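A.B. asks: So you can see what is in the structure, the chains are spelled out below.
Number of protein chains: 2
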Amino acid sequence: MSDFGTPGRSDSKGFCLVLSAPSGTGKTTVGELLTAEDSTIVRSVSMTTRSMRPNEQDGVDYRFVSADEFKAKIRQGAFLEWAEVYDGVLYGTPRDTVERVIRSGDVALLVIDVQGGRAVKAIFPEAVLVFLIPPSMDCLSRRLKQRGLETDDQIHRRLIKARTEMKYLPAYDYGVENDDGKQQLTVDAIRGIITAERRRISRWEPQ
Amino acid sequence: MSDFGTPGRSDSKGFCLVLSAPSGTGKTTVGELLTAEDSTIVRSVSMTTRSMRPNEQDGVDYRFVSADEFKAKIRQGAFLEWAEVYDGVLYGTPRDTVERVIRSGDVALLVIDVQGGRAVKAIFPEAVLVFLIPPSMDCLSRRLKQRGLETDDQIHRRLIKARTEMKYLPAYDYGVENDDGKQQLTVDAIRGIITAERRRISRWEPQ
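If you read the protein sequences in the order shown, they are chains A and B. My numbering puts the first residue of the first sequence at 62, with every later residue one more than the last. My numbering puts the first residue of the second sequence at 62, with every later residue one more than the last.
Please note: incorrect hints may appear among the correct ones.
A pair holds if it fits inside one copy or across any two, identical chains being indistinguishable in the list.
Calculated lysine-lysine pairs in the BS3-like style (CA-CA distance at most 25 Å, straight line) [said to hold, decoys possible]: (1) Lys74 <-> Lys243; (2) Lys134 <-> Lys243; (3) Lys182 <-> Lys228; (4) Lys206 <-> Lys222; (5) Lys74 <-> Lys228; (6) Lys222 <-> Lys74.
Because the hints were derived from the structure by calculation, they are not lab data. Everything numeric in this text was worked out from a predicted model, so none of it was measured.
Please model the complete structure; the sequences and the hints are all you need to start from.
C.D. replies: Next up, the structure:
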């Protein structure tokens, strides 16, 4: 330890990292790569009322709950942020798990949409907001079609929504391009952001 | 290029990175490692009136000039910051070379003292200020003695000054510990800070 009268160090202080992007920009994959490489980055598992996809696991990808259960949680104030997305499906970030991760000194990773990011920043002003930027609309459209999970009409609506979502960019702290086939560069850039933010002096505890 | 109506990207926008530390914390070595690893980090060569040390080279380590020449430059407003340190020796950062590096899109690295950092931030509010923190006073004292460049009395004065210099920490953006034998960790942390700051949205050009 330094005996220079420095304020409390931040290296071991947890914070909230919000990762947002228009749908199809690959935020889920980037989030998985981040947590796989570093055990001090802990992804917060969101709650949702949508049906589970074949490759998903309850409690790992999402906590899948009924609409009634979800609405009860809203009434209890149990969400840091929640949103109703396509076709009335609800998504939310449970506040208690995020707070537990931050208290333990780790980085709580929230992979959420842009409206959610703004809500989190309002509750945790020290949260770090990262926006993943798709290289182009064409590329985003191609990705969504390749994923093969939605109809052309659903994809068209997503693309219109993506343009709107880009308007939230100025509310974010960092913008990271996520190019096709270069996801490791994206992950490295976000790891750099975490390295920096852990050392931000404004984050140090006053003594 | 993204066609999402994103503002001008910052990846290629230069900025000023100030690296400060109490004397003996190893800021010169850390600066050398940073520029050796990455050609987009360009160290600004300071001007000084002190005498050249045996291992130094004019125009590389410093531009060694006479006191008269230095004072003429002050009158011309040619310095971004300058200071009179031990025994009337003058050090200064020429403004033109720093501005040239920033304009070219690179990172202008300024290895300067804490008063200088504050002066640079006043002129370039977008400058990034990094403070290298020595692990302890004992360690700093040991390093200065090992360097063998100064008398015990000079070292004693440096140590007193170091304590005062630590008071400037809150004016800095980031604090990075520089432990003995772990300089690569220090360099990696600063590289993370550069990676992050290149992607800071507030740095993007408005369109």
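A.B. asks: Check each numbered hint from earlier against the structure, then list the numbers of those it violates in ascending order.
C.D. replies: Failing hints, ascending: 2 and 6.
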